[in-house]
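Trainee: Based on the hints, put chains B, C and D in the right spot on chain A.
Take a look at the letters that make up each chain.
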Amino acid sequence: MPISVKFFARLRETLQRDGATLDYSPGMTVTQVWQQVSGGIDMPDNTLMAVNMEYVTRTQAVRDGDEVAFFPPVTGG
Amino acid sequence: MPISVKFFARLRETLQRDGATLDYSPGMTVTQVWQQVSGGIDMPDNTLMAVNMEYVTRTQAVRDGDEVAFFPPVTGG
Amino acid sequence: MRIAILGSSFEPYTEVSAHERAMNAAGKFGACATFIGSTREFNLQDGIHALTLEHYPGMTERYLKLIADEAMQRWPLLDLLILHRVGELHPGDPIVAVAVWSAHRGAAFDSCRYVMEELKSRAPFWKKETFENHASWVDKNTEAG
Amino acid sequence: MRIAILGSSFEPYTEVSAHERAMNAAGKFGACATFIGSTREFNLQDGIHALTLEHYPGMTERYLKLIADEAMQRWPLLDLLILHRVGELHPGDPIVAVAVWSAHRGAAFDSCRYVMEELKSRAPFWKKETFENHASWVDKNTEAG
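Quick mapping for you: the protein sequence lines, in order, are chains A, B, C and D.
So the number in my numbering is just where the residue sits in the first sequence, counting from 1, plus 150.
So the number in my numbering is just where the residue sits in the second sequence, counting from 1, plus 150.
So the number in my numbering is just where the residue sits in the third sequence, counting from 1, plus 301.
So the number in my numbering is just where the residue sits in the fourth sequence, counting from 1, plus 301.
Bound-form chain A, shown alone (with noise of 0.2 Å):
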């Protein structure tokens, strides 16, 4: 079961996706996932991620199956 990336608000413009899809590797972090789909463009800064709907850092590991999130700060209410 391949590792499921969504993009979202300025980020998913930015990249020209809204996800993507990869296959899981022993030991992959959430920095190794970006690397993978983002096409050589640097993650910006502010950049908040999330494992499976759940905020998590930059060297969460991620296990087969799960689903990765990448966007800018939140702005809403």
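Please keep in mind that the hints were generated in silico from the structure rather than gathered at the bench.
A hint or two may mislead.
Okay, derived cross-link-like pairs now, DSS-like style, lysine-lysine, Cα gap no bigger than 27 Å in a straight line [stated by the list, open to error]:
hint	chain 1	residue 1	chain 2	residue 2
1	C	Lys366	C	Lys329
2	D	Lys366	D	Lys429
3	D	Lys429	D	Lys441
4	D	Lys429	C	Lys329
5	C	Lys329	D	Lys441
6	D	Lys366	D	Lys441
7	C	Lys429	D	Lys329
8	D	Lys329	D	Lys366
9	C	Lys429	C	Lys441
10	C	Lys329	C	Lys441
11	C	Lys329	C	Lys429
12	D	Lys329	C	Lys441
Mentor: Frame of chain A; chains B, C and D shown alone:
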């Protein structure tokens, strides 16, 4: 023009009257107004007082024609 | 600005909503903070059947206006509404409604709370609670905390 | 407790009032604090024509529920309502409504503000402002003050 005195809430019930009038005499303070209209009952410590609908302290001088009010701590809202 | 002392039951959200429409300021405010106080069936004791609100006509309006003016001076508010019941109320009946409109939420939250705390400590209203077999004056309001 | 993400326009006071009636708790609460956030025609720039609200379906609901549960644990609340718009909004349109019911005003004020601040910093929503000739993402929310 006499001084008009008003009592509210528990104080109105204690004194068994909602108001009184009394003649002005020079140098009169709010405390003296109380003494003349309270029928010998001591002013409760937490009594609030107003002259012409503005909070004052016990030593406030009154003028002829003033409206003087005595009432317990307020409990609105 | 609207400040009113009401002798009969009112529906606070209808009033707030009507005032907001009448302001005709849609797009100007980003924040509206509202506080509604209602009659509980308990206070220090359970079993409140009715609450009687007495006030000092004239002085009450004067102090509500003073408090409202203080809030308008202290924060950048677009408008402010204060409604307060007097007379006989029953559990569930609204007692007070305060609503403030501002561009930003900080001013709205802070000024709404300010108006409520000042109203409770300075506006001449008094509550008497009626229980099944007796009635008693409320001696003081609860602290802000 | 009701938490909802709404795709079309809503009338916040009608929703708060309907929720309060459905609670069927008249006499149990003495305080209801409400915050309504609305679309302004200005933010850092004047002339906002529209606001588009994007969210992360699933995660948004999850975090709103988490924030609501935190508020319910931290304060003695009877109930709590959170409504938030997504999609295209125009100046004057309500964006968010938070309402909390409690026995006392301190808990109502504090928890309403807590929910709003946490929502603004943790719930995954994003705003894009459309002006006459361009559109741009809002980079960050204003501070609480």
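Trainee: All hints, please: hold or fail.
Mentor: Structure-based check of each hint:
1. The hinted pair formed by lysine 366(C) and lysine 329(C) meets the criterion: a straight-line CA distance of about 24 Å does not exceed 27 Å.
2. Straight-line distance between C-alpha atoms of lysine 366(D) and lysine 429(D) comes to about 24 Å, which keeps the hinted pair within the 27 Å bound.
3. Of the supplied pair hints, the one linking lysine 429(D) and lysine 441(D) holds, its CA atoms being roughly 11 Å apart against a limit of 27 Å.
4. At most 27 Å may separate the alpha-carbon atoms for a hinted pair to count; lysine 429(D) and lysine 329(C) meet this at roughly 18 Å.
5. About 20 Å separates the Cα atoms of lysine 329(C) and lysine 441(D), which keeps this hinted pair within 27 Å; it holds.
6. Restraint check: the Cα-Cα separation between lysine 366(D) and lysine 441(D) comes to about 22 Å, which is no more than 27 Å; the hinted pair holds.
7. Under the criterion of a C-alpha separation no larger than 27 Å, the hint pairing lysine 429(C) with lysine 329(D) is consistent with the structure, at around 18 Å.
8. Of the pairs offered as hints, the one joining lysine 329(D) and lysine 366(D) holds, with about 24 Å between alpha carbons and a cut-off of 27 Å not exceeded.
9. For the hint linking lysine 429(C) to lysine 441(C), the alpha-carbon distance of about 11 Å falls within 27 Å, and the restraint holds.
10. For the proposed pair lysine 329(C) and lysine 441(C), the alpha carbon gap of about 39 Å is over 27 Å, so the pair is violated.
11. Distance hint between lysine 329(C) and lysine 429(C) is unfulfilled; the C-alpha atoms sit about 41 Å from each other, more than 27 Å.
12. A hinted pair counts as satisfied when its Cα atoms are at most 27 Å apart, and lysine 329(D) with lysine 441(C) qualifies at roughly 20 Å.
Of the numbered hints stated above, those contradicted by the structure are hints 10, 11, listed in ascending order.
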